[in-house]
Amino acid sequence: MLSIKVAKLKLENPLILASGVADMTPDLLRRAYKEGAGAVVTKSIGIEPRKGYDNPTIVELPYGLINAMGLPNPGWEAFYEEFKNEKFDFPVIVSIFGKDEREFAFLAEKLSEVADAFELNLSCPHAKGYGMEIGQNPEMVYKVVKAVKDATDKPVIAKLTPNIDDITKIGLAAEKAGADAVSAINTIKAIAIDIYARKPILSNKVGGYSGPGVKPIALRAVYDLAKALDIDIIGIGGITTWQDAVEFLMAGAKALQIGTAVSLRGFKVFKEINEGIERFLNEEGFSSIDEIIGIALEG
Amino acid sequence: MLLRVELTEVWEEARNIKAFRFNRKLDFVPGQFIMVWLPDFGEKPFSLADEDLILVKRVGAFTSKMFELKEGDYIWIRGPYGKGFEPKGKNIGVIAGGIGIPPLYALTKHYGNHFERITLIYGARSKDEFALLDIENYVDEIILTTDDGSLGVKGFPTDVLAERKDEFDYVYTCGPEIMMAKVLEIMNFKNVQVSAERYMKCGIGVCGSCALGEYLVCRDGPVFYGEQLKNTELGKFKRLPDGRIARL
Ligand SMILES: Cc1cc2nc3c(=O)[nH]c(=O)nc-3n(C[C@H](O)[C@H](O)[C@H](O)COP(=O)(O)OP(=O)(O)OC[C@H]3O[C@@H](n4cnc5c(N)ncnc54)[C@H](O)[C@@H]3O)c2cc1C
Ligand SMILES: Cc1cc2nc3c(=O)[nH]c(=O)nc-3n(C[C@H](O)[C@H](O)[C@H](O)COP(=O)(O)O)c2cc1C
Ligand code: FES
Numbered sequence: 001m002l003s004i005k006v007a008k009l010k011l012e013n014p015l016i017l018a019s020g021v022a023d024m025t026p027d028l029l030r031r032a033y034k035e036g037a038g039a040v041v042t043k044s045i046g047i048e049p050r051k052g053y054d055n056p057t058i059v060e061l062p063y064g065l066i067n068a069m070g071l072p073n074p075g076w077e078a079f080y081e082e083f084k085n086e087k088f089d090f091p092v093i094v095s096i097f098g099k100d101e102r103e104f105a106f107l108a109e110k111l112s113e114v115a116d117a118f119e120l121n122l123s124c125p126h127a128k129g130y131g132m133e134i135g136q137n138p139e140m141v142y143k144v145v146k147a148v149k150d151a152t153d154k155p156v157i158a159k160l161t162p163n164i165d166d167i168t169k170i171g172l173a174a175e176k177a178g179a180d181a182v183s184a185i186n187t188i189k190a191i192a193i194d195i196y197a198r199k200p201i202l203s204n205k206v207g208g209y210s211g212p213g214v215k216p217i218a219l220r221a222v223y224d225l226a227k228a229l230d231i232d233i234i235g236i237g238g239i240t241t242w243q244d245a246v247e248f249l250m251a252g253a254k255a256l257q258i259g260t261a262v263s264l265r266g267f268k269v270f271k272e273i274n275e276g277i278e279r280f281l282n283e284e285g286f287s288s289i290d291e292i293i294g295i296a297l298e299g
Numbered sequence: 001m002l003l004r005v006e007l008t009e010v011w012e013e014a015r016n017i018k019a020f021r022f023n024r025k026l027d028f029v030p031g032q033f034i035m036v037w038l039p040d041f042g043e044k045p046f047s048l049a050d051e052d053l054i055l056v057k058r059v060g061a062f063t064s065k066m067f068e069l070k071e072g073d074y075i076w077i078r079g080p081y082g083k084g085f086e087p088k089g090k091n092i093g094v095i096a097g098g099i100g101i102p103p104l105y106a107l108t109k110h111y112g113n114h115f116e117r118i119t120l121i122y123g124a125r126s127k128d129e130f131a132l133l134d135i136e137n138y139v140d141e142i143i144l145t146t147d148d149g150s151l152g153v154k155g156f157p158t159d160v161l162a163e164r165k166d167e168f169d170y171v172y173t174c175g176p177e178i179m180m181a182k183v184l185e186i187m188n189f190k191n192v193q194v195s196a197e198r199y200m201k202c203g204i205g206v207c208g209s210c211a212l213g214e215y216l217v218c219r220d221g222p223v224f225y226g227e228q229l230k231n232t233e234l235g236k237f238k239r240l241p242d243g244r245i246a247r248l
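Residue numbers (my numbering), protein chains in the order written: chain A, 1 to 299; chain B, 1 to 248.
One should not assume that every hint holds.
[To be verified] Quick list of in silico lysine-lysine cross-link-like pairs, DSSO-like style, CA-CA up to 27 Å:
(1) A:Lys34 with B:Lys83
(2) A:Lys34 with B:Lys230
(3) A:Lys87 with B:Lys230
(4) B:Lys83 with A:Lys268
(5) A:Lys51 with A:Lys205
(6) A:Lys176 with A:Lys84
(7) B:Lys88 with B:Lys18
(8) A:Lys84 with B:Lys70
(9) A:Lys199 with B:Lys70
(10) B:Lys127 with B:Lys25
(11) A:Lys110 with A:Lys5
[Stated by the list, open to error] The calculated label-pair distances, taken between Cβ atoms and stated as ranges, are:
(12) B:Ala162 with A:Lys199: 33 to 39 Å
(13) B:Lys154 with A:Lys271: 38 to 44 Å
(14) A:Lys271 with B:Asn113: 47 to 53 Å
(15) A:Ser3 with B:Lys230: 42 to 48 Å
(16) A:Lys189 with B:Ala61: 28 to 34 Å
(17) B:Leu132 with A:Ser3: 58 to 64 Å
(18) A:Lys268 with B:Tyr225: 48 to 54 Å
(19) B:Asn188 with A:Lys189: 48 to 54 Å
(20) A:Phe88 with B:Ala61: 35 to 41 Å
(21) A:Met1 with B:Phe67: 56 to 62 Å
The set of hints was computed from the structure by calculation and includes no laboratory data.
We treat Cβ as the ideally placed atom computed from N, Cα and C, and that holds for glycine.
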């Protein structure tokens with residue numbers, strides 16, 4: 001009832017562990033699957049090892065988090081060495097980031113053997129020269145997606161930034177370049193100041209906002225993308241309850257990623273949401289999840 | 001949420017170990033930790049020794065900065081975080097190594113009435129490195145070990161545990177990873193709770209930095225049952241802040 005196909009991948013259920021959230025190691029990816037995720041996205045992997053920014057890298061707020069981890073990752077070589085010996089019973093989507101289309105293509109080529117699909121991080125709001133600075137520019141997005149498509153046979157998902165006036169512009173650029181799907185949203189650029197310290201809390205000062213507070217914004221992004229694009233859309237942003245998940249599906253998302261809610265609710269959040277969706281489908285007389293995808297776009 | 005607290009007492013408890021008491025009593029379970037932020041200098045995890053007390057060993061830049069703080073100065077904290085100890089057993093052995101003492105002090109002070117007899121086996125490199133606070137009030141027997149033989153038994157706490165393990169029906173441990181791995185081996189992973197350590201950034205189970213096997217130390221731990229750690233890398237390797245595997 002919950003199984004879906006998205007970006008040419010077959011998933012047991014529509015829930016995917018979001019990039020950068022409790023996904024540093026093969027064991028953690030397996031844990032997410034064991035606790036109910038249908039697929040996982042790895043931490044964003046780049047050319048060189050990066051330790052990320054100094055702490056504080058996170059601020060807890062009443063309705064979510066602001067993070068500026070700074071893309072910590074072991075670099076593609078160490079990642080490849082560790083993952084090439086691992087077997088997974090579920091799709092592993094490898095997130096990659098680079099400073100131009102050549103770096104993205106290089107990473108996709110080197111990591112194709114360990115990836116069931118790639119997600120391109122075109123949208124990290126707090127790493128200088130990476131992510132969002134590329135992702136706000138439709139021509140760059142087109143170039144990067146095209147270069148990656150040429151470098152690998154694996155499905156390619158372009159992850160979009162909400163920090164732009166009209167997200168469909170970059171969505172359309174990704175689609176035109178041959179992306180198999182887009183995922184949205186990454187975090188929203190934000191800041192928090194401690195009034196007694198009289199300064200920004202994060203060592204990087206600005207970071208990205210995620211969690212329940214961003215949900216309505218993310219939902220709007222998905223809704224707009226679903227209206228404008230023909231390729232699959234993966235909804236991300238603040239999904240914490242099964243009701244949130246159903247909203248995103250109805251707005252046109254074929255699959256959903258869960259990030260901050262893993263911290264708020266624990267890994268069990270996957271099972272909670274899956275059970276809720278299934279109960280809803282039964283109670284409302286639907287026989288499969290496909291029947292509600294995009295249902296709210298009509299009329 | 002960050003909380004600014006004022007230091008009400010600061011004292012040197014042992015060589016290179018200072019105690020910091022602050023003006024806020026936290027509702028905590030022994031074994032839980034807090035994140036301490038010093039604006040401009042970083043944010044790091046420390047176990048609660050008591051509802052308003054941490055013990056800090058000077059090992060690098062952040063802890064050296066902590067050592068400059070005086071009564072009346074502020075620190076910023078968030079937490080308590082993580083899963084603490086669960087009181088089990090009657091005649092327990094408490095195995096501490098070095099700066100592993102704070103959560104075990106909290107255990108004996110706050111959960112003392114759950115146990116019939118508490119034996120503390122505490123090891124340090126030499127005689128001036130023991131941060132005992134007033135733990136003598138909460139335990140029935142104290143055995144100190146030093147690597148250099150300058151006080152108590154010459155050797156490691158695990159040497160004493162290996163000899164006396166049949167006396168204990170349950171064991172609690174915190175200290176250097178190699179020591180804790182040895183405790184697990186001696187206890188055959190049974191009837192033991194371990195307070196583990198990994199590199200922490202967020203402290204709230206979102207960043208994945210503190211991965212240990214399939215667990216997040218900040219969320220699923222820091223206190224684990226021995227059985228949980230059976231097929232993990234504990235005692236074998238850790239990860240750098242960038243996620244690469246590194247030797248202990
Ligand atoms: C759950 C937990 C509880 C802890 N409780 C105490 C305590 O009660 N008293 C105490 O003195 N120390 C405790 N520590 C260790 C303490 O966090 C480090 O000593 C401190 O962060 C060192 O910072 P530094 O800048 O002085 O040293 P650095 O030069 O940065 O590092 C020195 C050593 O500390 C470790 N370390 C540095 N940063 C971190 C981090 N963010 N997370 C984990 N380890 C780190 C490094 O791996 C290294 O081995 C605890 C650690 C954890 C994970
Ligand atoms: C701690 C943290 C780290 C993240 N790291 C990455 C990353 O490396 N790459 C990426 O594409 N997105 C990253 N994200 C963004 C998430 O994947 C997700 O897009 C965003 O958090 C919104 O979803 P959520 O509200 O469910 O968390 C990170 C988010 C958080 C909270
Ligand atoms: S420190 Fe971030 S998940 Fe544990």
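Among the hints numbered above, which are violated by the structure, and what are their numbers in rising order?
6, 7, 8, 10, 12, 13, 14, 15 and 18
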